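**Q** Chain by chain, the residues:
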Amino acid sequence: MPFPPWVVLTAILAYMGFLFLVALWAERRARAGVNSSDNPIIYTLSLAVYCTAWTYYGSVGKAANSGMIFLAIYLGPTLGMLFWWVVLRRLVRVKNVHHLTSVADLISLRYGKSQAVGALVTIMILVGVTPYLALQLKAMALTLKILTHRQVDSLFYWDYGQGSWLYSHTGDLIALLMIVFTIVFGVRRLDPTERHQGIVMAVAVESMVKLLAFLTVGVFVTYYLHDGFGEILAAFARLTPSPSQPSPPLTGQASSSYLVWLSYLALSMSAVVFLPRQFHVAVVENFDEKHIATASWLFPIYLLLINLFVAPLAMAGLLLGYPLQEADTFVLRLPLDQGFPWLSLLAFMGGFSAATAMVMVSTMTMATMLTNHLLTPLLQFFKPLNFLRRHLLQCRWAAVALIILLAYWFQWEVGWSEFLVDMGILSFAAILQLAPAILGGLFWRQGNRAGALLGLTAGFLVWAYTMLVPTAVKAGWLAESLLERGPWGLALLAPERLFGVSALDPLSNAVFWSLFFNLCCYLLGSLVFRQDEQEQRLAQEFVSAAGPGLSLAQMEQGEPLIDLGQKLAGFERVLLDYLNPAHARNMIESSLRQLKLRGLDRITLTQLAELHQVLENQLAGSIGAASAATALRRFPLFTPQEARAMASVYARVLTSLRVSPQELKRKIDYYQEKEELLRRESELLLHSKRLLEEKLEGMDRLARSLAHEIRNPVTTIGGLTQRLLRRGDSSADDPEYLNRILSGVRRLERIVSEVRAYADMPAPMLAPEDLGALLKSLCEEYKSQAQAGGVELALEGQAGQEAQVQAWLDRGQIEKLLRVLMDNALEAMPQGGRLTLGLACGGDQAIISVCDTGVGILAKDLPFLFDPLFSTKADAVGMNLAIAKRIANEHGGDLTAESAPDLGSTFRLVLPLNSCGPDSARHAPPESSEEYEPLAKT
Amino acid sequence: MQRPNRVWQGVAPRVLAFLVGLLLLSWPFWSGPARRAPGFLLVYLIVVWLGLIVVLWLLARSASRSSPPPGEED
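Protein chains in written order, with the numbering used here: chain A, 114 to 1051; chain B, -12 to 61.
Honestly, I wouldn't trust all of these hints.
[As the list claims (entries may be wrong)] Selected chain A positions facing chain B (Cβ under 8 Å, derived; list incomplete):
hint	residue
1	PHE133
2	ALA350
3	ALA424
4	GLN707
[What the hints assert, rightly or not] Here are the simulated distance ranges between beta carbons:
hint	chain 1	residue 1	chain 2	residue 2	range
5	A	ASN499	B	SER13	54 to 60 Å
6	A	ALA511	B	SER13	34 to 40 Å
7	B	LEU3	A	VAL293	33 to 39 Å
8	B	LEU3	A	VAL332	35 to 41 Å
9	B	SER18	A	VAL332	29 to 35 Å
10	B	LEU9	A	HIS212	44 to 50 Å
11	B	LEU9	A	LEU134	30 to 36 Å
12	A	GLY602	B	ILE33	28 to 34 Å
13	B	SER18	A	VAL641	55 to 61 Å
14	B	LEU3	A	ASP151	28 to 34 Å
15	A	ALA127	B	ILE33	31 to 37 Å
16	A	GLY602	B	SER18	39 to 45 Å
17	A	SER703	B	LEU3	34 to 40 Å
[Claimed, not checked] What the simulated footprint calls covered on chain A by chain B, stretch by stretch (three residues with Cβ under 8 Å from a Cβ of chain B suffice, anywhere in the stretch; the number is not a length):
hint	region
18	188 to 196
19	371 to 385
20	403 to 416
The hints are simulated quantities; they were obtained by calculation from the structure and are not laboratory data.
Since the model is a prediction, treat every value here as computed from it, not as a measurement.
Glycine is no exception: its CB is placed at the ideal position from the N, C-alpha and C atoms.
Turn these sequences into a full structure, and let the hints steer you where they fit.
**A** What follows is the structure, given as structure tokens:
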């Protein structure tokens, strides 16, 4: 008894509502940071989107008609999964680095981000997969009809125009529902990653539902209607074949069947990864490459389970005498006819799940490709349509509607023919044409854009000619003679027997020739044409991504994991384009020496970056900085894995600095600018210093020269004046005049002598000296002179203590300096007083003080005290303090003076201790807490 | 000497398993018509399928354990 339509529609809406809630839940968890899809079981179940209505209903039909050949569609993926860990994992790695969103994106990126390649792949997929979508729409509409009207029909031979409004508008309703569901589930908003955790979770639930529904029907038929597998197989073996009810062994010639079997295996092997929906769930939605390992054995179990009862269902239907051409409906009809309508509804929901999952994921991915690889490039050419760029989401919705309506139109136009029956395998053959470009791109560095374009075009054209044209002929669109005699009577070009090869069945013929031309053109194009620079870099990245992976965590921790030899080989290849082999090797050797990397097998990430920088700098010396940077850019320094590790290291640094990348850049810019300013100022200062030194040097030379020039005439004048005085034959006033001349000459001689002493002062010859001992000996030297003048001479601090403070100095010069100070001090105390010599250490300085209680110096004279030829005494030249100051400065120290009239003066000589020789004792810690602590004790 | 699980991590065992699997899946087509009878073929293919699943499980187990560094086995 059929269900009222409202029951089925309510069930559909309730089921989709439930799925929507599941999807919402998954999306909310994802926003909260919990990735529900990051689970190997969910990942495996999402892969089961491979099992469509074609599996659910069509497998039974195929088993009834052709025996076990349908199993090749599921055994192929199982065989192919032996290589998933090698191929799929690498695709996932490439996706993680480049944020791929579709299979067209992958191929376009690999071949130099070519828009032409992306557009071609998108067109191929649209043409190849849209009829497959049509099959799903038709399956949904027909099963709904069967359930509601008990109209016995084959899924694939539907006669339109009967029954009620719902009967005649079921297809419209289904197409509308699919558009709404796809938009609501998959294209509600734009996501740059094109990851849809909600839809993945919904697909996983649908996969469970279809599996459980099919197993339930299978168990019901096998164990309720029959007594198990054995009984069905035995009963079927007893079934006598008849023209109207042939038994379903593998039909046709063994060799031909085997070729079909092989073709199915090959087609399904590639389809399970490269079909847009499969690529999406297997690659784009993958969170962890380890899920691939789990899925590689769990998914075949799923496939086995969902196919376990296909043959028993087909046999049971045939045993009940159902017509062979209605075998597609056995899954629904068996429970319905046996009085189990609710079981039939469950079976319908399973089939509905299979079809909706396929339609939603396929349409979503195709809409993405359509907008990214066809619409966006078109907008670049047609400026009036540029406003659409701001409405990309709405464009995506329109693309979804367009694709589903296209599929619906297709099933409307050709649904009555047998064209749709083999639409699944036809789509598989179209997708197979992508395999050479994808696999070649992953494993063959030389594969290039020209090869990919040629291969894809050739494969697609041959596929269309050998598969689409025959189906169009069978649909009645083209003359049948085309298949028999070929175009223009050229039998060699007959689509199903291309080049006269009649040993191949039509499917094998199409698979073989399309793949043959595809591969040949891909290889030829790649070998004849050259890659441009960007392509070379991308090819290197893809092939490197396919190479040995390294542990991200270990690389981030700075472990030396990167193969230095491999990197050097790459560097050498680049250098050889510009340098001769010896020069290139020398450059590499020199860089390795500079970074101390010689002899290492493996290096860290940071060392690799340094090596790249050093090599670039060296190459810049030969070909210029810009060319060197461009040249080395051709050799991708980091593999995607290494780049991720580097990015992670940088991210951690940024996190620890608590600055955003923009802020960091601003700060770097600021400090670079500041550094540049400081550098310029420093250069200016150095320049000024050099000028000053040159000026001082010039003045010294002038002073020396003047002193020399003046000295000779002065000496002559002095000598002649003395001779005149000795002769005594002058007038009475003459001796006085002559004495005054002589006195002036003496003074001039002193001035000249002191100026020469100042100008000719040699650089100090430093040697370690005991300052305490030096002051003590000086004190002894002046003792008698001081006593004679009534001056008390005293030592303070470490001044009298030997071996306490050592400094590197020119003893002669420092003694000269101190004598000047002590002479001045004694002169300042004609009435006697106290002269104190002090020594103290502070930090890295020694301070010697000469303190008197004399007449002091006027405040107005203090600023000029150390100027050459300045003196407050009438008979003094005024060079001594200038010489003393210069000696102090030449020692890296300074000489200062403090004075108060009638109270006395204090001169302080500061000498650095850090210019000392390797005297370990001078760094000894202070022992007391006095203001100045002794630095050195021996 | 290589550890046993390292042997499973290479491409070679995968290629070998693929060829053996293909051979086993092709065998009924080269044999007599009795081998292509639905009853026999169904049971035979399911047994081969289960065998492939076991091999895949072994390969996946060794692949999951192959870190660090993952992928070096390639």
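**Q** State for each hint whether it applies.
**A** Against the structure, the hints:
1. Residue-level restraint check for A/PHE133 is violated (minimum Cβ-Cβ distance to chain B is 34 Å; threshold 8 Å).
2. Interface restraint check for A/ALA350: the shortest CB-CB distance to chain B comes to about 6 Å, inside 8 Å, so the restraint holds.
3. Checking A/ALA424 against chain B: minimum C-beta separation of about 5 Å stays under 8 Å; hint holds.
4. Checking A/GLN707 against chain B by beta carbon gives a least distance of about 28 Å; that is not within 8 Å, so the hint is violated.
5. Distance hint check for A/ASN499 and B/SER13: the Cβ-Cβ separation is about 57 Å, which falls inside the suggested range of 54 to 60 Å.
6. Under the hint 34 to 40 Å, the C-beta atoms of A/ALA511 and B/SER13, about 48 Å apart, miss the expected range.
7. Here the CB-CB span from B/LEU3 to A/VAL293 is close to 50 Å, at odds with the stated 33 to 39 Å.
8. About 37 Å separates the C-beta atoms of B/LEU3 and A/VAL332, a value consistent with the hinted range of 35 to 41 Å.
9. Our hint of 29 to 35 Å for B/SER18 and A/VAL332 holds, since their Cβ atoms are close to 32 Å apart.
10. Remark: the range hint 44 to 50 Å for B/LEU9 to A/HIS212 is contradicted by a beta-carbon distance near 36 Å.
11. For the pair B/LEU9 and A/LEU134, the supplied restraint of 30 to 36 Å is violated, since their beta-carbon distance comes to about 44 Å.
12. The hint said 28 to 34 Å for the Cβ distance between A/GLY602 and B/ILE33, and at roughly 49 Å that hint is violated.
13. The given range of 55 to 61 Å is broken by B/SER18 and A/VAL641, whose C-beta atoms sit roughly 46 Å from each other.
14. Here the CB-CB span from B/LEU3 to A/ASP151 is close to 33 Å, well matched to the stated 28 to 34 Å.
15. At about 36 Å, the beta-carbon gap between A/ALA127 and B/ILE33 stays in the expected band of 31 to 37 Å.
16. The hinted range of 39 to 45 Å is satisfied by A/GLY602 and B/SER18, whose Cβ atoms lie roughly 42 Å apart.
17. At roughly 48 Å, the beta-carbon separation of A/SER703 and B/LEU3 lies outside the given 34 to 40 Å, and the hint is violated.
18. Counting residues of the region 188 to 196 of chain A whose CB lies closer than 8 Å to any CB of chain B gives 6, which reaches the minimum of 3, so the coverage claim holds.
19. For a cut-off of 8 Å, the count of residues in the region 371 to 385 of chain A with a CB near a CB of chain B stands at 4, and the three-residue condition holds.
20. Figure legend: the region 403 to 416 of chain A, annotated as covered by chain B; annotation consistent (7 residues with Cβ-Cβ distances under 8 Å, at least 3 required).
Consistency with the previously given hints fails for numbers 1, 4, 6, 7, 10, 11, 12, 13, 17, ordered from lowest to highest.
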